[in-house]
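*Asks:* Here is how the chains run, residue by residue.
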Amino acid sequence: MTPISFNSGLSSGIYSPELRNLRPQAPKENAKGIDGGEGLDPSLAQMPGVSNLNQAQVGFDNVLGKFVNEVNSKQMAAGDAVTGLLGGKNVPLHQAMIAMEEASVSFQLMVEVRNKLLEGYQELLRMQV
Amino acid sequence: MLGSSRQKVMVNGLFTQTNYQGLKKMLDATVMRHEAIASNLANLETPNYKRIDVESGFGEELSRAIAGRDTRDISRLEPRLVLDKSASSPNRDGNTVQLDRELLALQQNSLAHNMQTQFVTGSLMKLRSAIQGRTA
Amino acid sequence: MIKLMPGLDSSAAALQAERIRLEVIGQNIANSNTTKTASGKPYERQIVKFETVLQDKLGVNSEAVPLLVKVAKIAKDTKPPKEIYQPGHPDAKPNGMVDYPNVNVHEEMADMIASSRAYEANLAAIKNARSMTLQTLAIGRR
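Chains as they are written, first to last, in the working numbering: chain A, 1 to 129; chain B, 130 to 265; chain C, 266 to 407.
Honestly, the hints are just simulated from the structure, not real lab data.
Accuracy of the hints is not assured; some may be wrong.
Said to hold, decoys possible - Result set (BS3-like, lysine-lysine): computed pairs, CA atoms no more than 27 Å apart in a straight line: (1) C/Lys344 with C/Lys314; (2) C/Lys335 with C/Lys347; (3) C/Lys341 with A/Lys89; (4) A/Lys116 with B/Lys255; (5) C/Lys268 with B/Lys179.
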């Protein structure tokens, strides 16, 4: 499998189900956004072009939250495998090693996603109005 | 935990290629086969010992599952140890282990293990390359 | 004990059993001409009896399990001693026959070759297990 096929997996398998969730939904009560509080100024939400922005933050927040939880459960699975190995239960060494590597790769993905988000945010800040 | 009860689509999507899943199962079988060969060699002189091995159909089933590109088939397969019924008894004492064949199986299994670990490492390194955007 | 190397229990147990067997064979050969031991009788040949022990089940629904060998006991061979006519020998019986140990050196040599072969085979198994484990530990590293 070449990196090219991996990228196509990215676009078709991994993110699109979540991207489909970003269709406009009813605004949630306690929408948290970039401000970390009430999101954008509610009066702005009345303006036509802005209403989708708030819901997009809500959807993307969910996506990120699920992502972090999945990476966390991968880390816990790897920890369980190592505990089983050290505790003398019948966990084969290769399964523990592979679990650790998969957890590491998932974590690396999360770190890179975070880096890209930060880059994008900083570029956004740099934009001249 | 929020995401664990629902199907893990995002992170596990990294690891669902059939080749990679198939390799992991093959690795399970290879390690199990080494246990069988070690037991056979240990009982070289035991009267009436019958040689054991991984179930012979497992390799074919796994090949078919990998070719079929369905990871659920692959995850359903499990290797197991059985008595090797096709082994004949060359000794008077009923022992069915033949030393030369067993040693050959040992070496082949070792090489298969080498190949499988290298391919697994290769898959993981490719994922890392794609994530980081670098080749190192 | 952390299960790092596959098949280690079987191989290690076999190495120990074969080593004991080799020692006993060596002792038999060394004493093949001992006509009088501390007990007053000629040396009695010793035989090693192996027994197999079931290991823990491996994997799900495994029909067969690896078997461990161990030495059950070291018994004395009950064959009668060889009698050779040597009237001038200090340990000769009244009828001139001397009792020699019931050790057949050729048989012992054949056993020794078989035991060495088994020992080397198990050693090869352990070497392979070690290299497999080292490769496993290097998964994900280039």
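*Asks:* Determine for every hint whether it applies to the structure shown.
*Replies:* Cross-check of the supplied hints:
1. C/Lys344 with C/Lys314: Since the Cα atoms of lysine 344 of chain C and lysine 314 of chain C sit roughly 16 Å apart, the hinted pair holds (cutoff 27 Å).
2. C/Lys335 with C/Lys347: Measuring from Cα to Cα gives roughly 31 Å; hence the hint is violated.
3. C/Lys341 with A/Lys89: Distance ~41 Å between lysine 341 of chain C and lysine 89 of chain A Cα, so the pair is violated.
4. A/Lys116 with B/Lys255: 20 Å, holds
5. C/Lys268 with B/Lys179: 25 Å, holds
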